[in-house]
Amino acid sequence: MSVTFIHLGLLNVFTDAFNFIFHQQEARTGSTLVGGPDQALHLIGQHLKVTFLALGAAVAIALPAGVILGHLQRGEGVAVAIGNAGRAVPELALIAFVAAFIGVGLGNVTIAFAVLGIPPILTNTYVGMSQVDRNAVEAGRGMGMNALQIVFRIELPLAVPTIMAGVRTAAVNIIATVALASLAGVSTLGDYILGRNVYGDAGVVAGAILIALLTLMLELSLAGLQWALTPRGLKLARAGAAA
Amino acid sequence: MTLALAKLAPLLAAVEIHKRTGGNASCVAQNKAFCPGWAIDNFDRYTTPLLNHLLIVLVAVGIGFAVAFGMALLSHGRRWLVPTFTGATGVLYTIPSLAFIFLLLPITGLGWTTAIIVLSVYTLQIIYRNTVAGLANVPAESKEAGLGMGMTDRQLLWRVELPLALPEIIAGLRIATVSTVAIASLMVFANVDTLGAPLYQQITFKTNIVIAGGLTILMAISFDLLLLVAQRLLAPWRRSSREATA
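Quick mapping for you: the protein sequence lines, in order, are chains L and B. Each residue of the first sequence is one higher than the one before, counting from 1 in my numbering. Each residue of the second sequence is one higher than the one before, counting from 244 in my numbering.
Derived from the structure by calculation, the hints contain no laboratory data. One or more of the hints may lead you astray.
To be verified - Label-pair ranges, simulated between beta-carbon atoms: (1) L/D133 / B/A309: 28 to 34 Å; (2) L/T230 / B/G333: 32 to 38 Å; (3) B/G280 / L/F152: 55 to 61 Å; (4) B/L468 / L/T29: 29 to 35 Å; (5) L/L33 / B/L461: 44 to 50 Å; (6) B/W355 / L/T15: 26 to 32 Å; (7) B/I283 / L/F101: 19 to 25 Å.
To be verified - Over the 10 Å line for every Cβ pair with chain B, so calculated as not near, a few chain L residues: (8) F22; (9) N146; (10) T162.
What the hints assert, rightly or not - A few chain L residues facing chain B, derived, Cβ under 7 Å: (11) P64; (12) A88; (13) P90; (14) A100; (15) A176; (16) A179; (17) L183; (18) I211; (19) T215; (20) L218; (21) K235; (22) A239.
Just so it is clear, CB atoms sit at the ideal spot from N, CA and C, and this is done for glycine as well.
Build out the structure end to end from the sequences listed, making use of the hints.
This is the structure we're talking about:
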């Protein structure tokens with residue numbers, strides 16, 4: 001009896017949540033209309049905008065740094081320490097720190113989430129570059145390649161799987177926490193999940209569903225991108241190893 | 244003369260306020276980077292969040308460890324279970340933390356239960372993977388020596404394999420604990436007063452951000468060092484063998 005009751009209650013909340021996404025309705029606070037596809041799409045767009053700005057900034061900073069350190073095989077301690085420290089950074093403290101000390105708004109929020117994305121990309125790029133088979137590098141040098149050619153034609157392509165794993169970790173971390181941008185004056189899907197008194201339980205759960213779906217889609221598309229960027233030789237080598 | 248006094252008046256007033264409040268009011272009013280006076284006077288408001296934070300991390304990592312360790316033992320003799328468990332814990336790990344809290348809202352409501360479920364689920368992957376890797380890396384010679392001494396499978400597991408896997412297991416525990424300390428801040432959104440609560444309530448008050456954020460990071464570092472020491476104490480041969488090869 002009680003089990004059926006819980007299940008019906010569960011179903012209701014999730015039905016309400018989908019209803020909230022597809023149909024506009026009156027806010028908990030009255031007078032204004034909330035929910036519906038237009039508002040949901042707007043917030044999804046905002047959410048993705050902040051995510052890609054921050055991810056782009058993180059890649060722009062961490063990738064070249066990792067490539068240079070990895071190519072030179074220098075600064076292993078720094079690269080690994082930054083990766084470890086990144087895990088210990090509380091997201092909420094980071095966004096609060098940026099909001100209080102630097103300011104609110106899109107630019108500042110982008111900085112905060114870029115900081116969140118840098119450690120996994122830097123560490124993985126460093127590890128990927130420095131673990132490239134030295135024989136392959138020597139072969140390139142023997143063919144008369146200069147340092148730039150070795151980086152772009154040998155080391156980077158061979159490090160793609162490891163680098164992309166770092167980018168995926170960073171992307172998932174960022175898109176999952178970008179909801180906190182709503183605390184620093186930037187509208188995202190966080191508006192729904194942090195605005196229970198306006199949007200009600202239906203809005204909160206709708207926001208959670210949308211964030212989970214966006215994260216899943218980003219993860220899958222980056223996995224596809226990783227597959228597309230991996231050199232054919234590496235794929236063949238792996239298939240051979242697996243067979 | 245009067246002009247000089249008029250110029251002095253605001254300064255004297257400021258000095259007066261400074262005397263009365265011990266310098267806190269103006270510092271707080273100007274929202275300076277850190278107001279030590281305010282911090283000392285108001286530190287008690289951080290004790291409950293600090294203790295809640297500590298408690299939730301210990302409980303969540305404890306539950307996560309028990310479950311992941313059980314899964315590792317379960318899949319120890321059954322290698323075909325490893326990809327299944329690795330996949331399952333990996334999928335759970337990618338659920339965004341904030342979304343996870345509110346997806347549980349219709350099921351467990353908001354509160355400690357929800358917060359502990361979310362936090363312990365995130366620890367599963369790393370603890371499971373490290374335990375499995377630790378067990379897999381036990382040298383075959385050690386196992387054969389144990390078998391040669393007439394050990395049963397169970398004795399082999401508890402007396403040879405697990406002790407030798409300890410460094411990897413604790414390494415997983417370290418990573419899990421440090422990230423749990425960080426994510427526990429978000430549990431303010433599950434209505435648990437962790438150190439995230441003061442952050443959320445006064446997000447523009449700098450002294451508050453420095454104290455609450457600082458305490459969280461300090462807790463993460465302390466756990467990391469504690470577990471490092473535990474690792475050294477419980478697996479002393481690890482260090483001596485490394486020194487021997489160095």
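Find the hints from earlier in the document that the structure breaks and name them by number, from lowest to highest. 1, 2, 4, 11, 20, 21 and 22
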